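Q: Take a look at the letters that make up each chain.
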Amino acid sequence: MNHALILPVLLPAVVGALLVLAARHDRVLARVFGVASAVLLLLIAAALLATASDGAIRSYELGAWPAPFGIVLVLDRLSAMMLLLTAVLGLGVLLYAINGWDERGKHFHPLFQFQLMGINGAFLTGDFFNLFVFFEILLIASYGLMVHGGGGLRVKAGVQYVVTNLVGSSVFLIAVGLIYSVTGTLNMADLARKVPHVPAADQALLQAGALMLLLVFAVKAALVPLHFWLPATYTNAPGPVAALFAIMTKVGAYSIIRLYVLAFGADAGEAAWLAAPWLLPAGLASLVIGMTGVLAARSLGQMASFAVIGSMGMLLATVSVFTPQALSAALYYTLHSTLAAGALFLIADLVAERRGALRDRLAPAPRFPQGELIAALFFVAAIAMAGMPPLSGFVGKLLILDGVRDSAHAAWFWALVLSTSLIAIVGFSRGGSIVFWKSHAFESAPQPSRRAGALPFVAVGGLLAGLVAITVFGGPVHAWLNLTAAQLFAPADYIEAVLGIAGGTQ
Amino acid sequence: MEFLVASAIGAMTTAGVYMVLRARTFPVVLGLSLLTYATNLFLFATGRLAVNQPPVIGADATGYADPLPQALVLTAIVISFGMTAVVVVMAVRAYLETGNDHVDLTGESAPEAQEDDWKQLGHKQAALEAAQPTGPAPGAPGAGVAGAVGERA
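Quick note, the sequences are listed as chains A and B, same order. Going from the first sequence to our numbering is simple: count from 1 and add 392. Going from the second sequence to our numbering is simple: count from 1 and add 1149.
Lysine to any residue pairs mimicking SDA-like chemistry, simulated, CA-CA at most 25 Å apart: (1) A:586 - B:1204; (2) A:498 - B:1231; (3) A:498 - A:546; (4) B:1268 - A:544; (5) A:586 - A:881; (6) A:586 - B:1219; (7) A:586 - B:1197; (8) B:1273 - B:1172; (9) B:1268 - A:749; (10) A:830 - A:751; (11) B:1268 - A:552; (12) A:498 - B:1237; (13) A:498 - B:1246; (14) A:586 - B:1216; (15) A:498 - B:1241; (16) B:1268 - A:541; (17) A:586 - B:1205.
Hints in this document: simulated from the structure, not taken from any laboratory. As the structure is a prediction and not an experimental result, all values here were calculated from the model.
Between the sequences and the hints, there should be enough to build the whole structure, so can you do that?
A: Structure, rendered in structure tokens:
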């Protein structure tokens, strides 16, 4: 048994609790512990990624209860990749936040740790109900982070966010109940084994449950028409929190990839590829609405929010093709869009912090301190997000266009991906030129900066460096992702790793 | 018994969905509670309805009651209880900070949200007194309110 599997959940849980108890009133201590935990998480995630790279799937039985009865954590390439992505984004956001954002309300650091715990748990768990519990953990922490710093508009947007997600949780439970009532299991591997043998009379219940689950994951992933909560939430959330939320939509995407390839994949009999006919139109619609929203946005934060919706649409439409080639392209795009969205939200916050009452709205204003540097950062992030060469967005789009070549709907993909790219480019250049360029028309010199810490720039630069890294090492990364997709499309290995060679306990 | 449980779940879900779609936070919170009750009852029923059965499979038992959904329901109850508390606190905070208890954001809210705004109470009274310089006439308070609202619109 490999105890390292539980560390990504255990470490933030312990540090979070410690921070609440011991470091509540000590700012420096809280920062030191928070950053130390984030760095440790990064190291653990890198070690787990190295472990998972040998292709074996590891399972960890909590309390040593055997698999279909106890709860398991499962580490495969996909989980390891998402853990590393979370750790990189988490460290970047935390470095940004400790420059002052964490003082604007209480309990930022414990909530941040609990949020990381929930996200890591959701990526590791091999059990449905446990997935629900980890979703709740990350949501509860996100409610606290969302209203961090207070303010009427933010709290009101927070109420909308909480209500949306509570309804989503109810639907999640009903879906889990439906699936349990038909198959009698909550273990994902066990479910994959039982779905093909579900009698025809129970198929309606099973498929209704599975599609309701898809609905819940689509709410989390902000797919059209379930995306309405996202722009209000992300735009009104504190900048660093919105950047961290960039990974939360990916939790929904991860769950969709995990469940609908493993349990409702090629071997599922009547329920095979259950998600595909729903995901494809919803994904393409999200792509169009998201990228059009970038053009119509009234602030940089809104622009980044709609870019998130658009990129989620691109990602899930590509997933819905359900071939290994398309999936590996989608996974590459996941890495890229998470880092790019995180960087964009942080840059929007950098601008908002410096322009007084105007915040990050798209309106001309006098020049602000470090404007040139921020403009350069925005330029890089926007190029990446819009998918222009030479950064990873371009590589990701090429991979996607190539990956869907054999699909029956390839023409739709090509037309929509290319035209929405153009819309996004226009949108980003409009926003960038209003905020950064037109400020030079004003006579006044930039006011001296109130507090010009270097740390925020290190954080944004780090995320952008991540983008550059996955571009430069695009070849090895893509080769690794191909292996990941191949592993996902061989569910027998996953089932064997979780349930043991015997497989049949009943 | 099946009909009773099923119709109870259905009725609570219907009422819950209806109330979640209301415009003000209090009915929304009540609706969420009803939805979670319906969900809990549904989860409870997924182990099949069985009366007077042991919760384990025994050698001499003729049947059994599935204990797993009961454990799930316990978890779900605890989580929904906590979440209701969170949403109540956030709704109160939003009411105190923005001045009204409507769910919509300020920029896109209906005119009623402004009428209900307690922060604008002072402005309303001032408008009322401006409409009737000699002080509020006891005979027609409604006309003054309508006038004040009309001015704002």
